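Q: Each chain, letter by letter, is given below.
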Amino acid sequence: MNISLLYSLVGLALFSLGLYGLIAYGHLLRKILAVNVMGSGAFLILVALARGWRQTSPDPVPHAMGLTGLVVAVSATALALALACRVQETTGSTQLTEDGSD
Amino acid sequence: MRLFSAKLIIIVLLVALAGLIAWAILSLPFNGPSLRAQVFANIGHSGVSNPVTAVLLNFRGYDTLLEIVVLFLAVLGAWSLGMVQLPGPPYPAGLFLSALLRILLPAMVLTAGYLLWAGAHAPGGAFQAGAVLGGAGILLLLTEVRFASAIVSWPLRTLLSAGVLVFTGVALGSMFLGGRLLEYPRHWAGILILVIETAATLSIGVILTVLFIGGRPSEADRTLSVKSTGKRKDK
Amino acid sequence: MSLDFWLPLMIVLSSLVPGILIFCLPEDRIGLRTAANLVGATAKLLLTAVMIWGVFHGHVYETRLPLLPGMDLVLSADALSVLFATLSAILWFLTTLYAIAYLEASPQSRSRFFGFFSLCVSSTVGFALAGNLITFVMFYEMLTLSTYPLVVHRGSPESMRAGKIYLAYTLSGGAVLLIAVAWLKALVGPLDFTEGGMLVAFAGLYRHEFIVIFALLIAGLGVKAALVPLHGWLPVAMVAPAPVSALLHAVAVVKAGAFGIVRVVYDIYGIEFAAKLGVLGPLAAVASFTIVYGSLRALNQDGLKKRLAYSTVSQVSYIALGAAVLGPVATIGGLVHLVHQGLMKITLFFCAGNLAETLGIHYISEMDGVGRRMPSTMAAFTLGALGMIGVPPLAGFISKWYLGAGGLAAGQDWIILVLAASSLLNAGYFLPIIYRAWFKEPRGPWPEDNYGGWLETHWMLLLPALITALLALAAGLLADSPFSPLQWARLIAAREYGL
Amino acid sequence: MVALIPWSVWIIFLPLLTGIFAFLFRGRGAQLGIVTAVGLLPPLIGLTWQVLSCGPQHYSVGGWGAPLGIDLYADGLSIIMLVMTALVGIGTTFYATGYYSPTGETKEKNHQQDPALFWSLWLLLWAALNCLFLSADVFNLYVALEFLGLSAVALVALAGGPSAVAAAMRYLLVSLLGSLSYLLGVALLYFAHGTLSLGLLAESVTSSPASFAATTLMTAGLVMKTALFPLHFWLPPAHANAPAPVSAVLSALVVKASFYLLLRLWFQVFTNTVTPSVALLLGILGVAAIFWGSVQALMAQRLKLLVAYSTVAQLGYIFLVFPLAQGKGTGFSAWCGGLYFILSHACAKAAAFLAAGTVLYGFGHDRIDELAGITQRLPVTMFAFGVAGVSLIGLPPSGGFIGKWLLLNAALAGGQWWWAIVIIIGGLLAAAYVFRFFSRAFSYVEQVPICRDVPWSMELTALALGLSAMALGIIATQPLAVMQIGAPLAGPVLTGGLP
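Residue numbers (our numbering), protein chains in the order written: chain A, 1 to 102; chain B, 1 to 235; chain C, 1 to 499; chain D, 1 to 499.
Keep in mind the hints are simulated off the structure, nothing from the lab.
Any given hint might turn out to be false.
[Unchecked claim] Calculated Cβ distances over 12 Å to all of chain D for the following chain C residues:
hint	residue
1	Cys-24
2	Leu-67
3	Glu-141
4	Val-236
[Stated by the list, open to error] Label pairs and their computed distance ranges (CB to CB):
hint	chain 1	residue 1	chain 2	residue 2	range
5	A	Ser-40	B	Gly-19	18 to 26 Å
6	B	Gly-19	D	Leu-41	50 to 58 Å
7	B	Trp-23	A	Gly-26	27 to 35 Å
8	C	Pro-229	D	Val-445	32 to 40 Å
9	B	Leu-172	D	Cys-54	50 to 58 Å
10	B	Trp-23	C	Leu-205	46 to 54 Å
11	B	Ser-5	D	Pro-276	39 to 47 Å
12	C	Pro-447	D	Glu-446	44 to 52 Å
13	D	Ile-474	C	Leu-205	27 to 35 Å
In this text, all values refer to a predicted model and were calculated from it rather than measured experimentally.
The C-beta atom is built at its ideal place from N, Cα and C for all residues, glycine as well.
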């Protein structure tokens, strides 16, 4: 089995695990972590497949995409953490209630 | 019991989705089409020799410009949650910590500078450098409250937006000079990229530091926290 | 662009523009508001007069503005639309006068009322002048929307309830109409009204579709025309102020529905094509049933306006009945009733409003001897009521005569029975009122009114009622003179049947 | 000369720069907002003119050109979206000058909304929208989506308070999930086809596992961001709890952005991979959204929540485009109908949210049961809400009607009549929830709740937006002409009828 293929499947596994975590867990920190796991999975796929099947030097475009995605993910995570803190401060809960419509 | 079955459905759906994607990945063409050749063919005109940097700051520089805006937005988002008090140091900096800081901080700044410069031809660049600077900033925040409170006003806002502003300025400037948006004049490309990256490094460092605070530093706190330097404000 | 192009649009705008102006006026600018109302109403009358003259002399007035590719907004003046537009223009003028006197003292927003009042008339006239089904639907919905605020004007719980019921009926009707029109459009393309019927060109195609679409169209319009069983909103909507009821029953909503049925039968399907499809029989049956049912329900209503409302349910279906019988005589009967019923019914509602506003009378049982206190009002009422019954030489007699003769001519003798039954019932619910008012002793002293003049009530309340009563009388007496409603209906029938 | 100016660059960078300046120069936000609103007009007119006269416009950023570089691209669809953004954006900007004026601080005391941050975030959001509508590169679109998502979340959080923060949190997580799903799809597309350019992908995407998986991932991500039932759960709290100008922008524009991308991908890139059954699925979910959203709106206790659920329902309509476009020869009609619906919904929904925001601002709450009689206090705002409601219901003459009419036409002419029934019933449900509020607001009560002074800019912008939704019902030919430029589907706007 090709190594970049293996890595990309690991990335896919991470993506799916993250997705599961995001849906299944209520705690906001866990949800934020889950999103990050998903993101890591996606970036791993980008970087792994950039190497191609047997190319000597990788394709730089997916690398750049991964880097850009990474920075976006950092920004979003920072905002999410700030929001989560604020949610805990104002509602006293680390989870989102089912009915947020109030 | 009900929860269990709900989870089961989720898992089944996820497995199906993962299977679909896995199938897609496995069926991707062997040595499929890519832009690799094009990147290497044009790298000579990009002003840098590291292909990833060339893509990030020249070929797809517009993405990177927007991405710095996104980073900047994270600060605005955190600030829109209202004021927070600057975190004070948990206890006065001791002798050892002060000495360590004196060595560590310059080293970090130096590392950041190196990463920035190296980006032109090797892995590195503004984000890596900015991240190191951000680390330095957080270290400062945790130890030296005077520094933190001193920057809370227009200097801070200028630093935060410098990266976007310089990048935009260069982008539009090259358009005014007769090219297209972000079409650097050929011989200036290397220098302009360095200018952009320097500004971006600074901004990224400051942005990451500010994001660590998790809200808008309250300006009213300034005098208070300067007076109470070294004492923890219980919250 | 010439007058021929702009005139129909100008007639619509002559009330739309004052309406928008009135919305913008502050509450206390009574003078300006009244001026805007009256200028608009007068302008509309004059423009309509120009149009009557022109159409009579064979002018073609048509405003055609592109709405979508292959779909125009068309306002055009043919003989039929002029008939309805003229009725609206005249009655709007009188109702405006009446409404000014009736409502200026009320605590609710008058700017809002008169604004929507003008919008309502604009929609009615637009409905009258609509040159294709799309434009027709547009004004149909506008009419629904602009009358809602009028119905709920008082803002009391029962008027809000009435408004809700009104909307539920008319919006559903509009939805049914819309789907029918969209379907027809998808089948045959542009839907311009054509004298003699526009679907005639498609005879032999889509027979089943056309029958279903006819049913949908009539159902959609039947809500407004208050065909049983779609009439439920009308008696409830009686809580609206008197001028609104007058307008709703005589010109705007109910009449628009009936007019719409006439349009669909004559200018979309064409009466002969419709007869061939076999859709006229059911329509005649529904109309006849409505005529009898409405009259029966009117018999035992004590509320004066409620009795008048059920009377409307019955009377408006004469128009639909006229449209459902093949033959020029019945057509004339139906069309002329469009005008005659309007004149008579608006008189009755004006009078009912006068009684309520001046003496606080809302129930028939309170009307003992009121003829002596308000003789002019009750005289007008009597004229209107006798006309409704069909006493010669009043307007109602002319309509019923032509309808009956048309039924006989078409070989549908049972129509005579329907007419006879209805007239008996009409007499049954109107004559007791007249008897009470003139021949019974008042139960007690009448309350003081606020007008204090030598007239029995405010002149602006009295005058419109008297004028419409006299018009109803004149329409019957002078039926053979040129430009009378009857002559005009003959003109339309002649053009429709290509005589 | 004018033809050569890269207007699209200015359309993106003007709001981007003013957004950053609003952050740098605190207290100058309102001025910068107005500069942006006015300053965007010339480039927008210029670009529209270019597209109208020379067809779709390309611009390669950095001079590299696709596939190495990133291209900007503007066709009729982009222009429609940009103009829609500008209409709502200009309205929101003027509204916000009143809402965030020094005298007009919001009533909620427990948090301060920072005007400087609002202006900065709002102008950046505007830039993000313009970015998205002009990009022709799937990865650049990912960055633009994140740009948009983060600014939108930050704006929701700006309202402060527990429910707003929680709503923002939920919104962010959903937005990230959608973006990541989209990103993975982009990755698969790139590895399969070696390009990120929309135009080149359109040529090379064939039915393969990778493109099928990419379709699934990207559609799922975007559908989530567009809040299609049952993935709509995040929308009502976010839209109802945000500050008034933000709610308007979110409902009118932000959800449309991801839908726009969905349209682009489905009709330009994935033409070979999407199947009628997936289109049908989206249509069925759209139907569910119409019913679910309407029922929730009918039961909502708060006005802003009512309007937010109305968005859920109205978004359902635009998903009907997918199955309707599959009909034979009706694709273009459905395409135009969907776009027209988006355009008019943007104006109407912005007007409705701004009006609801004014109510909240004036009375300090928006509990529908306690809003009896408020038309007496805020007549202009209520009129604006009414006009917007007319368009939301889809009654003529309004943009909503044109959109619905075109969709109806596509359904009936394509033989998919069941969608027509849904469209009609959805309109009736919309009428039910709109008038549910109005029957409260129109009620007459002696003690009308006290309302504090509302800046005129707030009342008038809501009205102006409502009236533009109306105007869209009258001037439909021009927007339709723009929609045709570069449209992926061709054909007559209105189908049907015999040749």
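Q: Return the numbers of the hints above that this structure violates; sort them in rising order.
A: 1, 2, 3, 9, 11 and 12
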